[in-house]
Amino acid sequence: MATTTATLSLSSDMLSSPISISASSTLMKAGVTEGLELIEMGRGTIAETDGSKTAEFGLPTALGADKAAKLFLVNKATDPTYYIDIDLHDTNIGRLYAGDWMFIPWGMNDTASELVIEAEPSGATCPYEFVLLQEPQTLEAHS
Amino acid sequence: MATLTPTLTLTSTDATTDQLAFSVTDSLTVKAPSQGLSTIIVDTTGANNIIVPANADKQTWVYVRHTGTTDGSTTTTQHCDIELTGDVAIGTLKANEWFWFPHCGNGGSTGVQLQSVSGSIQMEYGYWSDSTAQ
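In order, the protein sequences belong to chains A and B. Under this note's numbering, the letters of the first sequence match residues 1 to 143, in that order. Under this note's numbering, the letters of the second sequence match residues 1001 to 1134, in that order.
Hint data in this document are derived by calculation from the structure and do not stem from the laboratory. Nothing here was measured: the structure is a model prediction, and the numbers come from that model. A portion of the hints provided could be inaccurate.
Listed below are the simulated BS3-like cross-link pairs for lysine-lysine, each with C-alpha atoms no more than 27 Å apart in a straight line [as the list claims (entries may be wrong)]:
{"no.": "1", "chain 1": "A", "residue 1": "76", "chain 2": "B", "residue 2": "1031"}
{"no.": "2", "chain 1": "B", "residue 1": "1031", "chain 2": "B", "residue 2": "1058"}
{"no.": "3", "chain 1": "B", "residue 1": "1058", "chain 2": "A", "residue 2": "76"}
{"no.": "4", "chain 1": "A", "residue 1": "53", "chain 2": "A", "residue 2": "76"}
{"no.": "5", "chain 1": "B", "residue 1": "1031", "chain 2": "A", "residue 2": "53"}
{"no.": "6", "chain 1": "B", "residue 1": "1031", "chain 2": "A", "residue 2": "29"}
If we take Cβ atoms under 7 Å as the criterion, some of the chain B residues that face chain A in the derived model are [stated by the list, open to error]:
{"no.": "7", "residue": "1006"}
{"no.": "8", "residue": "1007"}
{"no.": "9", "residue": "1009"}
{"no.": "10", "residue": "1026"}
{"no.": "11", "residue": "1090"}
{"no.": "12", "residue": "1091"}
{"no.": "13", "residue": "1092"}
{"no.": "14", "residue": "1096"}
{"no.": "15", "residue": "1100"}
For glycine and all other residues, C-beta sits at the position ideal for the given N, C-alpha and C.
Okay, chain A solo, but in the shape it has when bound:
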């Protein structure tokens, strides 16, 4: 069984009593104690002139409902004004500025869960990197 562990550490000086949080979890398939086995990693670049695009990691696969997937995405731009808008299909859910990253559980079930990215503002170009961990897919018959 594959065992992949994701750990988040948070620290801050914003309070007189410093924040220090650590959370760790083993990434499992849905409903069973078996680890996620399919790992895709890669990088790409999106420019503002590209408009909104479904990134290579953003197309929902035919996993069906109630399957587990985790997505890590980082904006590798260095200009602090450049950001990547994150949409679930037609709904904007957040944005990553230069150097920012996210780690989310992704319900990649159908078209409505398509993950779309868009570089902003005008003139922006954002390199990005991603890791997608998911359950194995059913192999297709050859054509």
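Given the coordinates of chain A, work out where chain B should sit on it, guided by the hints.
Showing chain B alone in chain A's frame:
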């Protein structure tokens, strides 16, 4: 101004022959409003469990963790959905899993809410407003 430093470490020694091991960090300048580490007992109606108030244009960093319990002591394996207000699902957390996300209402005036698939779940959460973005 204060600095919030999130670090992700992703490791596996047996998922693939080539071992997975990387760490990424960020440095965020944050300000009020913020919500320090808190807990909430989540039920099956998302609108009852809004953890980040609706806003149109704030960049807000959100941390959520499933404690694996209903009340801090009783174990549960029920899943918890993470949604934008208005019931737009982003994903589901299983017991002991966590989430780190840059929420932005982006003109839509949305917040973040939690919804148990079944029964009650004690969730841990916090959020911090980004002072440099928007």
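Which numbered hints turn out to be false for this structure? The structure breaks hints 5, 6; every other hint is satisfied.
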